[in-house]
Structure formats: structure tokens, C-alpha cells
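Asks: Construct the complete structure from the given sequences, taking the supplied hints into account.
Listed below, chain by chain, are the residues.
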Amino acid sequence: MTGWLLGRIGQAMLVVVAMTLIVFMGLHVIGNPADILIGEDLNQQERLAAIARLGLDQPLWQQYITFVEGAARGNLGKSFVYQEDALRLILQKLPATLELAVSALMMAVLVGVPLGLYAGMKPEHIFSKALMAASIAGFSLPAFWVALMLIMVFSVQLGWLPASGRGDTVTVWGIPWSWLTLDGLHHLLMPAFNLALFKISLVMRLTRAGVREVLPQDFVKFARAKGLSPQRVMWAHVMRNTLIPLVTVLGLELGSTIAYAVVTESIFAWPGAGRLILDSINSLDRPVVVAYLMVVVVLFVTINLVVDVLYHLLDPRVRLETTE
Amino acid sequence: MSIKTEQTSKTAPSREHTIWWRVGQDFLASRPASVALGVLALIVLAALLAPWIAIQNPYDLMQIDVLDARLRPGSLSSEGSRTYWLGTDGQGRDLYSAIVYGLRISMAVGIGSAVIAGVIGTLVGLLAAYAGASVDAALMRLVDLLLSFPTILMALMILAWMGKGVGNVVLTLVLIEWSYYARTARGQALVEARRDYVEAARGQGLSSWRIAVGHVLPNCLPPLMVIAALQVARAITLEATLSFLGLGVPITEPSLGLLISNGYQYMLSNEYWISFFPGIALLATIMAINLVGDQLRDVFNPRLQR
Chain Y
0 MTGWLLGRIG QAMLVVVAMT LIVFMGLHVI GNPADILIGE DLNQQERLAA IARLGLDQPL
60 WQQYITFVEG AARGNLGKSF VYQEDALRLI LQKLPATLEL AVSALMMAVL VGVPLGLYAG
120 MKPEHIFSKA LMAASIAGFS LPAFWVALML IMVFSVQLGW LPASGRGDTV TVWGIPWSWL
180 TLDGLHHLLM PAFNLALFKI SLVMRLTRAG VREVLPQDFV KFARAKGLSP QRVMWAHVMR
240 NTLIPLVTVL GLELGSTIAY AVVTESIFAW PGAGRLILDS INSLDRPVVV AYLMVVVVLF
300 VTINLVVDVL YHLLDPRVRL ETTE
Chain W
0 MSIKTEQTSK TAPSREHTIW WRVGQDFLAS RPASVALGVL ALIVLAALLA PWIAIQNPYD
60 LMQIDVLDAR LRPGSLSSEG SRTYWLGTDG QGRDLYSAIV YGLRISMAVG IGSAVIAGVI
120 GTLVGLLAAY AGASVDAALM RLVDLLLSFP TILMALMILA WMGKGVGNVV LTLVLIEWSY
180 YARTARGQAL VEARRDYVEA ARGQGLSSWR IAVGHVLPNC LPPLMVIAAL QVARAITLEA
240 TLSFLGLGVP ITEPSLGLLI SNGYQYMLSN EYWISFFPGI ALLATIMAIN LVGDQLRDVF
300 NPRLQR
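Chains as they are written, first to last, in numbering that gives the first Met the number 0: chain Y, 0 to 323; chain W, 0 to 305.
Hint data in this document are derived by calculation from the structure and do not stem from the laboratory. Hints should not be assumed to be uniformly reliable.
[Stated by the list, open to error] FRET-style restraints, in silico, Cβ to Cβ: (1) T251(W) / P215(Y): 22 to 32 angstroms; (2) V297(Y) / G131(W): 26 to 36 angstroms; (3) S33(W) / D167(Y): 34 to 44 angstroms; (4) P215(Y) / Q90(W): 29 to 39 angstroms; (5) L59(Y) / G131(W): 23 to 33 angstroms; (6) S268(W) / D278(Y): 21 to 31 angstroms; (7) V67(Y) / S33(W): 30 to 40 angstroms; (8) L48(W) / A48(Y): 56 to 66 angstroms; (9) A17(Y) / T82(W): 38 to 48 angstroms; (10) Q216(Y) / L48(W): 20 to 30 angstroms; (11) L59(Y) / I52(W): 29 to 39 angstroms.
Just so you know, even glycine gets a beta-carbon here, dropped at the ideal spot from N, CA and C.
Replies: This is the structure:
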């Protein structure tokens with residue numbers, strides 16, 4: 000197990016290193032870093048001085064080492080627009096994004112699991128068939144368009160929910176949170192639902208498939224034969240065996256939810272990292288883009304690693320396989 | 000699956016009926032899929048015939064009247080000669096015309112990127128299956144890495160470096176999509192490579208490249224076609240999303256995503272139709288392709304064949 004774990008961590012590090020290489024190459028091969036990193040309003044002499052200061056006159060491999068050293072020390076350059084440390088900017092905005100992403104995943108579970116259970120237990124029921132059809136729509140609906148329609152109906156027409164911002168926040172450990180106030184929850188509801196829509200369909204289908212797989216198995220028949228109530232069979236036996244694979248999938252989905260928050264945040268003016276990165280791409284604020292990519296890659300690789308390890312701890316079959 | 004015998008088909012087609020005829024029969028057995036195919040055919044036709052079925056060229060400034068801006072669906076134009084059934088946008092463009100022209104760009108980008116990525120990915124997949132263990136391992140690790148990252152993140156990354164434009168969007172989609180084909184093509188090629196007909200071809204002294212392209216590839220096509228159909232839908236969605244975010248196609252070549260984006264600013268004043276109708280067109284396109292792709296998968300899946 001320890002050997003496997005070390006190998007897996009090494010693999011994760013390798014991915015991060017590969018990504019620094021790709022980001023570095025993107026910066027230096029496709030674009031001219033002098034144009035990217037130095038403002039346009041400098042004269043020739045200032046320009047040369049800036050190139051020397053940034054080390055752009057060094058050979059490429061030396062520059063790469065400098066870049067990685069900086070990245071390792073958390074120095075990914077200063078934002079052109081905000082004149083602030085790029086990494087700090089991202090980290091300041093990240094909690095808002097995490098709040099949104101975690102809320103969306105929770106919503107996906109709270110809505111998707113019960114619906115999926117129902118559809119799995121009664122696959123021939125008309126409601127189950129309607130749910131399956133709806134899930135195809137859920138996969139097909141372009142998220143950004145749904146967001147606009149939500150705003151149209153619930154903000155413009157009905158006036159029930161606010162269309163933008165985080166609302167009132169409560170600061171805990173120096174970080175503002177929306178979900179701790181009623182007004183904040185009001186603001187959170189629509190963007191979280193928008194981000195959750197695709198995941199609800201996914202969770203529902205996975206739960207349904209899991210239930211359909213578990214139901215015909217012997218231990219379920221045995222539980223029924225013991226005379227357990229259908230509710231008890233459902234919650235204690237079917238649920239438990241359906242949810243383990245679901246947990247791993249959801250863990251992996253957290254990464255993509257954070258990435259797709261870019262779209263939701265930009266529409267609902269949610270002040271998270273996704274919105275910041277979009278603004279930075281549009282204003283060519285490359286240090287912030289680089290910092291965002293590095294943070295998300297590290298986050299993503301860490302999540303994958305944790306899920307992988309948890310999966311090995313939870314499922315004895317996989318654990319045995321790796322120790323052999 | 001190409002060796003399906005005649006008893007397996009309920010209608011017992013005569014000998015001149017090809018495998019494709021039977022695939023068609025199986026496909027049309029599902030009513031939702033048939034309807035989806037019909038809708039898709041209409042959409043493709045509308046995209047192809049856009050200049051002839053639109054009531055105006057929405058990008059010819061001579062044909063647009065700013066006085067007609069933001070008219071409700073069903074309004075008459077200011078000089079009273081025509082009806083805007085779906086309303087007009089902020090510049091006075093007929094939305095119906097803008098949608099059929101937008102469909103052209105969305106479809107072209109979606110299909111174009113799927114085809115290019117399909118060719119590249121299939122060749123890489125075949126290469127991985129045939130070129131030996133170390134090349135295979137390297138290529139498949141790369142594919143794993145690409146598949147494990149969310150597509151939107153990859154797209155943002157690539158477009159952040161390269162900038163906007165139709166060509167760059169297609170390039171981005173190709174860079175993301177080829178890995179799906181590569182994985183499928185490799186898996187299928189490895190399965191096919193063990194079959195007798197490959198052995199027979201080898202016995203005839205054909206080169207391994209010739210066997211790969213001439214014999215194995217045709218038998219790998221059905222699953223690749225399913226991937227292609229679903230990838231077109233993904234590509235159209237992603238292109239629309241990127242265009243909506245202002246990172247996709249330029250304003251001179253507006254796709255459906257850009258039309259929706261243009262309507263965004265009018266939403267808050269309750270002028271819903273500018274975003275609503277292009278969205279419906281987008282949704283219909285994606286859903287139709289997804290349903291057709293799902294049915295294709297079922298039809299081609301030998302395990303589901305009776």
C-alpha cells in the first residue's frame with residue numbers, strides 16, 4: 000500500500016510538472032513573453048531593461064528553472080491590472096468558487112440520488128421514464144442558456160431571486176461566506192442550481208444504474224427473505240452499495256465543477272476565481288491566467304489523488320489488487 | 000458485428016440488402032430517434048439553405064433597418080413589407096434569419112472539428128495499437144491526461160494563448176476531441192487485430208500498415224461514428240459556450256452562442272426573445288444529435304442485438 004501510495008503521489012507530481020512545462024511553453028513559444036509580461040507603454044531602453052530584469056535574455060532552460068522556482072515559492076508574477084500578487088488574487092477569490100461548486104454538488108446529490116433511486120426501483124413507471132427523458136435534456140441543455148432563462152423567469156418576471164452577486168456575507172477565518180446568511184442563500188440558489196443541472200442528470204443516471212445492478216443480487220433477495228421492510232432493504236442494503244461508486248465519481252466531478260464555474264460566475268456576477276480568470280483573459284492579464292491554471296491544476300491533481308486513495312481504502316477488492 | 004446472419008433481423012431482408020440497410024431498419028425502430036433524425040435533417044437543411052430560406056442576409060448592413068431594432072416576435076417591419084416571426088435583435092436583424100445563418104457556423108465548426116479530430120485521433124489510435132508497447136504507453140498516458148481535465152479548462156487555456164477566431168476555436172476543439180477517438184480506435188483495433196481475417200491478410204503477405212488501414216480500420220468505424228456524433232454535439236455546445244463568453248467566434252461570424260450573448264443585455268428589460276429563440280435552436284440541435292448518437296450506439300452494439 001505504501002509503495003502504491005508513493006507511486007501515485009509521484010505520478011501526481013509528474014502531472015503538475017508536465018503542466019508547468021505546458022504553461023511555460025504556451026507563454027514562451029506561442030506568444031512572445033516580452034509582449035505578454037511587459038506593458039506596451041515603455042520605450043526601447045526601458046523595454047530592454049525590463050527584459051533583463053525578467054531574465055528573458057537567459058537561455059530557455061534557465062528561464063524554465065526560474066519559472067518553476069518562482070512557482071514553487073508561490074511567486075507567479077504580478078497582475079498587470081490589479082498590481083497585486085497574481086497568486087494571492089486567485090487564492091482570495093477561490094473560496095467563493097469553492098462555495099458555489101460544493102453547493103452545486105450537494106444539490107446534485109440531494110436531488111439526483113432520490114430521483115435515481117426511484118427510477119431504479121420502478122424502472123417501468125411513467126414517472127421514471129419521464130425522469131430519464133429529462134436527464135437527456137439535462138445533458139443537452141447549454142448551461143449558459145439555462146442560466147439566462149433562470150434569470151429571465153425568477154429575477155425579471157417573478158422577481159423572486161436576485162440575478163447577481165453574493166448578497167450578505169459572514170466572515171469566518173477572514174473569508175466571507177454567503178451560505179451563512181439568508182440573503183446569501185438567496186443569491187446562491189440560482190447559480191448553484193445552474194451549475195448543478197448537468198450533475199443532477201449524471202447523479203440520477205448513475206444512481207439508477209447502480210440500483211438496477213444491486214437489486215437482482217443475492218444479498219438483497221436474502222434481506223427481503225429475512226422479512227426486512229422494503230424501506231430497510233432500500234436504505235441499509237441497496238443505498239449503501241449504490242453510493243460507494245457514486246462518491247468517487249462525485250469527488251472527481253468537483254474538479255470539473257470548479258472549472259465550469261467560469262461560465263456560471265460570469266453570468267451571475269459571482270465574484271469568484273472563474274470570473275476573475277475570464278476578465279483576465281479578456282484584458283490579457285497573463286500572470287493571473289498562469290496563476291489560475293497552476294492553482295486549478297494543483298487542486299485538480301490533489302482531488303484526483305485523494306479520491307483514488309479513498310477508493311482504495313473503501314473498496315477491499317481494489318486494495319488487494321494493488322498490494323499483490 | 001458485420002457477420003450478422005439473416006435470421007437475426009425480424010424483417011428477413013433479401014440478399015441484396017446491405018448491412019447499412021439493416022442498420023437503418025434497426026435505427027428507425029425507435030420512434031424518438033426517428034423524430035430526432037428528422038429534426039436533425041431539417042436543421043442541417045436549414046443551415047445549408049440559409050441564404051435561400053432566410054428573409055434577409057442578417058450581416059448585410061444594407062438589408063438591416065435600425066428602426067426595426069428589438070421588435071417583438073410577430074411584429075411587422077417599419078415599412079410594413081415583412082413580418083418578423085421571431086422578433087428582431089438590437090441591430091434590427093430578423094432573428095429567424097440570424098438563427099439559420101448562425102446554425103451554419105455552429106454546424107460547420109462542430110462537424111469540421113469532429114471530422115478533423117476524428118481523422119487525427121483514429122490514426123493516433125491505430126498507431127498506438129500497432130507501433131509497439133512503448134509508443135502505445137506514451138500515447139495512452141497523454142490521452143489519459145487530456146481526458147482527465149475538464150474540457151472548458153483546456154479550451155480556456157488554449158484560447159487564452161492563441162486568441163479568438165473561428166480557426167482557433169476549431170483548432171481548440173480538435174486538440175480536445177482527438178483523444179476520445181484515439182482511445183476508442185486503439186481499443187477497437189486491438190480487438191480486431193486478433194480476428195481471423197487479419198491473420199488471413201497477414202498470410203497473404205500484406206504490410207502491417209496496409210492491414211491496419213485497409214482491413215482493421217473499416218471494422219473500427221461503427222464505434223467511431225458513434226463517438227463522432229456525440230462529439231459534434233459536444234463541440235457545438237463548447238463553441239457556443241466559448242462564443243458566449245466572448246472567447247469564440249468573432250462578431251462578424253456570429254454563431255448561435257454569440258446570438259444568445261447579444262441578447263443577454265436585453266434580458267433584464269424583459270426582451271427575452273433575442274436570447275430565447277437562438278437557445279431553442281441550439282437545444283434542438285444538440286438534443287437531436289445526442290438522441291441520434293445514442294440510438295446509433297444501441298444499433299451498433301452487438302450485445303444489444305437480438
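Asks: Decide, hint by hint, whether the structure agrees.
Replies: Consistency of the hints with the structure:
no., hint, in the structure
1, T251(W) / P215(Y): 22 to 32 angstroms, "58 angstroms, violated"
2, V297(Y) / G131(W): 26 to 36 angstroms, "34 angstroms, holds"
3, S33(W) / D167(Y): 34 to 44 angstroms, "52 angstroms, violated"
4, P215(Y) / Q90(W): 29 to 39 angstroms, "60 angstroms, violated"
5, L59(Y) / G131(W): 23 to 33 angstroms, "31 angstroms, holds"
6, S268(W) / D278(Y): 21 to 31 angstroms, "24 angstroms, holds"
7, V67(Y) / S33(W): 30 to 40 angstroms, "56 angstroms, violated"
8, L48(W) / A48(Y): 56 to 66 angstroms, "60 angstroms, holds"
9, A17(Y) / T82(W): 38 to 48 angstroms, "57 angstroms, violated"
10, Q216(Y) / L48(W): 20 to 30 angstroms, "55 angstroms, violated"
11, L59(Y) / I52(W): 29 to 39 angstroms, "54 angstroms, violated"
Hints 1, 3, 4, 7, 9, 10, 11 from the list above are not met by this structure, while the remaining hints are.
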